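Visitor: So you can see what is in the structure, the chains are spelled out below.
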Amino acid sequence: MKKHHFPLILKSLAFLLIFFGLLFHISNVLRPEVTIQGNNERLGMLGIYAEPKNTIDVLYFGSSDATAFWSPFTAYEQTGFTSYTYGKSMMRASMFEDMLNEALKTQSPSLVIVSLRTILQSGDTVEEAALRSVTDSLPYSTLNRWKMIFRNHGKIVLSDNAIENEGTGEPTKSLFAEIPFYFDIMKYHDNWQHIWEGSYHYRGLGRFSSSTKGYFVGTGCVQQKRDPSVSQISKSMELSESAENALHALMQRADRDGFSILFVMPPYCESTEDRMRFNRAAELISEAGHMAIDFNDFWNEIGMDAENDFYDPGHANILGARKFTAFLTDYLSTHYDLPDRRTDPRYAAWQEGLENWHKTESDALRNTISKRKFVFEDDSFAGKE
Amino acid sequence: MTLTSFSFFVFFASSVLCYYLLPLKFRWITLLVFSAVFFALSSSPFTGLYPIICILVTHFCSIKIHQNSPMNPGRARRYLTCGIIIILGMLAVLKYNGFFLLHWNVLAARIGLKGTGHELNWLLPLGISYYSLLAIGQMTDVYRGMTEPETNLFKTALFIAFYPQLTAGPITRYGEMREELFTGHPFSWTNFTHGLQRMLWGLFKKLVLSTRLALIVDGVYGDVEVYNGFYIWIAAGLFMLQLYTDFSGYMDIILGASEVYGIKLPENFRTPFFSRSVQEFWQRWHITLGAFMRDYVFYPLERSRFMTHMRRFFTKAFGRKTAGKLTTNLALLCLWLLIGLWHGGAYKYIFGWGLWFWLCLVLGQAGEPCWKKLRVFFKVRTDSFSWHLFQSLRTFLLVSIGNIFFRTGSLKAAFRAIRLGLTTAVNPWVLFDGSYTRFGLSEKEAVLIAVGLLVLLLVSVLQRSGSVREKIDRQGIVFRWALYFLLIFAVIVFGKYGPDYDPADFIYRGF
Numbered sequence: 044m045k046k047h048h049f050p051l052i053l054k055s056l057a058f059l060l061i062f063f064g065l066l067f068h069i070s071n072v073l074r075p076e077v078t079i080q081g082n083n084e085r086l087g088m089l090g091i092y093a094e095p096k097n098t099i100d101v102l103y104f105g106s107s108d109a110t111a112f113w114s115p116f117t118a119y120e121q122t123g124f125t126s127y128t129y130g131k132s133m134m135r136a137s138m139f140e141d142m143l144n145e146a147l148k149t150q151s152p153s154l155v156i157v158s159l160r161t162i163l164q165s166g167d168t169v170e171e172a173a174l175r176s177v178t179d180s181l182p183y184s185t186l187n188r189w190k191m192i193f194r195n196h197g198k199i200v201l202s203d204n205a206i207e208n209e210g211t212g213e214p215t216k217s218l219f220a221e222i223p224f225y226f227d228i229m230k231y232h233d234n235w236q237h238i239w240e241g242s243y244h245y246r247g248l249g250r251f252s253s254s255t256k257g258y259f260v261g262t263g264c265v266q267q268k269r270d271p272s273v274s275q276i277s278k279s280m281e282l283s284e285s286a287e288n289a290l291h292a293l294m295q296r297a298d299r300d301g302f303s304i305l306f307v308m309p310p311y312c313e314s315t316e317d318r319m320r321f322n323r324a325a326e327l328i329s330e331a332g333h334m335a336i337d338f339n340d341f342w343n344e345i346g347m348d349a350e351n352d353f354y355d356p357g358h359a360n361i362l363g364a365r366k367f368t369a370f371l372t373d374y375l376s377t378h379y380d381l382p383d384r385r386t387d388p389r390y391a392a393w394q395e396g397l398e399n400w401h402k403t404e405s406d407a408l409r410n411t412i413s414k415r416k417f418v419f420e421d422d423s424f425a426g427k428e
Numbered sequence: 424m425t426l427t428s429f430s431f432f433v434f435f436a437s438s439v440l441c442y443y444l445l446p447l448k449f450r451w452i453t454l455l456v457f458s459a460v461f462f463a464l465s466s467s468p469f470t471g472l473y474p475i476i477c478i479l480v481t482h483f484c485s486i487k488i489h490q491n492s493p494m495n496p497g498r499a500r501r502y503l504t505c506g507i508i509i510i511l512g513m514l515a516v517l518k519y520n521g522f523f524l525l526h527w528n529v530l531a532a533r534i535g536l537k538g539t540g541h542e543l544n545w546l547l548p549l550g551i552s553y554y555s556l557l558a559i560g561q562m563t564d565v566y567r568g569m570t571e572p573e574t575n576l577f578k579t580a581l582f583i584a585f586y587p588q589l590t591a592g593p594i595t596r597y598g599e600m601r602e603e604l605f606t607g608h609p610f611s612w613t614n615f616t617h618g619l620q621r622m623l624w625g626l627f628k629k630l631v632l633s634t635r636l637a638l639i640v641d642g643v644y645g646d647v648e649v650y651n652g653f654y655i656w657i658a659a660g661l662f663m664l665q666l667y668t669d670f671s672g673y674m675d676i677i678l679g680a681s682e683v684y685g686i687k688l689p690e691n692f693r694t695p696f697f698s699r700s701v702q703e704f705w706q707r708w709h710i711t712l713g714a715f716m717r718d719y720v721f722y723p724l725e726r727s728r729f730m731t732h733m734r735r736f737f738t739k740a741f742g743r744k745t746a747g748k749l750t751t752n753l754a755l756l757c758l759w760l761l762i763g764l765w766h767g768g769a770y771k772y773i774f775g776w777g778l779w780f781w782l783c784l785v786l787g788q789a790g791e792p793c794w795k796k797l798r799v800f801f802k803v804r805t806d807s808f809s810w811h812l813f814q815s816l817r818t819f820l821l822v823s824i825g826n827i828f829f830r831t832g833s834l835k836a837a838f839r840a841i842r843l844g845l846t847t848a849v850n851p852w853v854l855f856d857g858s859y860t861r862f863g864l865s866e867k868e869a870v871l872i873a874v875g876l877l878v879l880l881l882v883s884v885l886q887r888s889g890s891v892r893e894k895i896d897r898q899g900i901v902f903r904w905a906l907y908f909l910l911i912f913a914v915i916v917f918g919k920y921g922p923d924y925d926p927a928d929f930i931y932r933g934f
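Top line first, the protein sequences correspond to chains A and B.
If you read the first sequence in this note's numbering, its first letter stands for residue 44, the second for the next number, and so on.
If you read the second sequence in this note's numbering, its first letter stands for residue 424, the second for the next number, and so on.
The hints are simulated quantities; they were obtained by calculation from the structure and are not laboratory data.
For clarity, every value in this text was computed on a predicted model and none was experimentally measured.
Among the clues, some could well be false.
[What the hints assert, rightly or not] Simulated coverage check for chain A against chain B, where a stretch passes if three residues somewhere in it have a Cβ under 8 angstroms from a Cβ of chain B:
1. 56-62
2. 215-223
3. 231-240
Yeah, the Cβ is synthetic: ideal placement off N, Cα and C, and Gly gets one too.
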């Protein structure tokens, strides 16, 4: 290489740097999660970057069955440990490992609680919508986003294919078809017509703190029908390869880093298949020396009410989440050594957050109670599991 | 593989890398290999046979023509005729068999025979209309002694199948391209960046403007009974712009990609909308096709024995001056009919892109004394901007009318559209009442089109006084980079591409 080449190389590098900087910024602005006003699930996920480093004691982790069930401020108010609900709806088994890695980049909780339901339901393919739901909510710059897409190479069922084949389409084999997952601007660039003021404050890393600490406040109320006999089933059923791999990866990470890991099934109207899958997962988890609890076994102790505590079949509303969080918090305080941060001046922000939470909670309760005993379909939750 | 697809850019980047990694004298081999791969990826394997036949015929005939031309010109001529017949025969069978069979069946029915012809639904090989002309041009140039024949078969193959120009031209001459293609070009930063800039500009024209203009044009021509009156004329004008942004955008990508290798291809467009007459328009639009037809069809035809006889005949009847005009116009008629036919085996092309322009030229010439009197009567200042503007708008309108034939499904449909445009409601307000939203175009997209076309106009104005890229090069780095990023992100954000789109292919790629 000759001396006069250096300025050209430097200029090219600078050009590429600016190009990718602009590309990532504009991509974030155009992502649908931002352009749809009022959606806060992605913001809840990004909120973890705004938490001071290593200040979260418990990470409650999973798909929408996690974000709808665990209310960190309820637990904090009750016993004083800090927690964060980290997850995204439609998160499939093959995404759990990278998502946990992402959360652990800034936090080192002593306990990670993994909500099992979606892992166990996951097959070995991934729907386009599911992968996009998660990767589109992760910052462009994080390596875990790129790794997650790469990990799912050859497993992605494109939406058109899935629709044509009623959800059973074959995964794409084309590498070019996967490129728009890495560079999602290729998919969302036409959203320039829908951007609004909030799109420009796309809540980049550390710019937004979640007022609910990642919890998705469900306010609807849809009556459910529960079959209590499902809890008696002792048979088990094979899990998909992806699900088993995910469980092993999470447990290995816990063993390597030395944090406790607890696997839970939240209380909901569990199906026979879900119970059988849980039984198999519990065997695997127990073999590895960890613990799994199905809280459907404690339905009455928790005080869950199928008529009032859910905003859709698989997700608790604020009433259900309060009950479940309170019950699990009691369990955690007796079985794990978790600190009380309520008087710690370093956690003053939590105290302030709690006051805001009370307002949010009372609004949500009022809203939910007004809808009790009514069966209705709320379109705003149509996209959630 | 379309030139706007992600796979093309990966392919292109790999080819550039290979090209510059190899020693100079082997670089043309990279181009040949990548051209073969491009053809294989862009069409079905069976169609690969045609370019191979075309290459072999061109190569063999060129050598034989050269060997025989000094001693045995008759034999050389026979080789040339034979070569041209094979190439044109292949083109006729593959591209025009439907057109010919239609007439054969009609004729057969008239004379009482059973119409036996069935259209051959064979796949049309990619770019056959273009490389057939290259092949004919090469053999003819050798016959005329304008160039030496190529002795290396693979070099002939590269000339015929050079992948950037394979699908839509420009229609090059062997003598001009010999040095460009076969002499390896050392890496040049200027060529590299200028080439990429030009490709980017082509992508802007195609992905941002052409695909959006197509929404309105397709909407109107899809249902002319509903969208009649002023809609038809708006759509005719917009189709002109769509065709220009599409074809010249394609050319920009092709010429830009070639420039990255250091290869300069001839220009196909020179700000055609500034043309003040139809004749001038054709000197600025699809320049290489016009030049090919002039050199290989019009001149030989005008100097042919048949035309000489005709000239003699007309001289006796009308005098020498008129005879000269008549024979020239007759040769022009053949030229335009062939140009029309080249675009496709259908009467809409033969009339709209052949006969119509011939009529415009002939009537323009014939009426010139009358136009001159009118100009004098109205005291028109022919050197004024307003007169030039009027002439350009008139040319635009005439060419747009020809384009109605190009765009509609048939000759009958084109006349119907024109009739509906002239005889139904006078509704110019459709321009202002948001009617474009009926075609799936949002208000923001309409603004985007307007801004895009203004940018296009600005660039065209700048092009008249020299290369825009050189003008940009003279600016400071902040301005230049701001401009580049603006264009890059205009394409990325406003372009119609990606998994949710099924982008229409380039219009001229189909020929």
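Visitor: Now tell me, hint by hint, if it's right for this structure.
Guide: Hint-by-hint comparison with the structure:
no.	hint	verdict
1	56-62	holds (count 3)
2	215-223	holds (count 4)
3	231-240	holds (count 4)
In terms of the numbered hints stated before, the structure departs from none.
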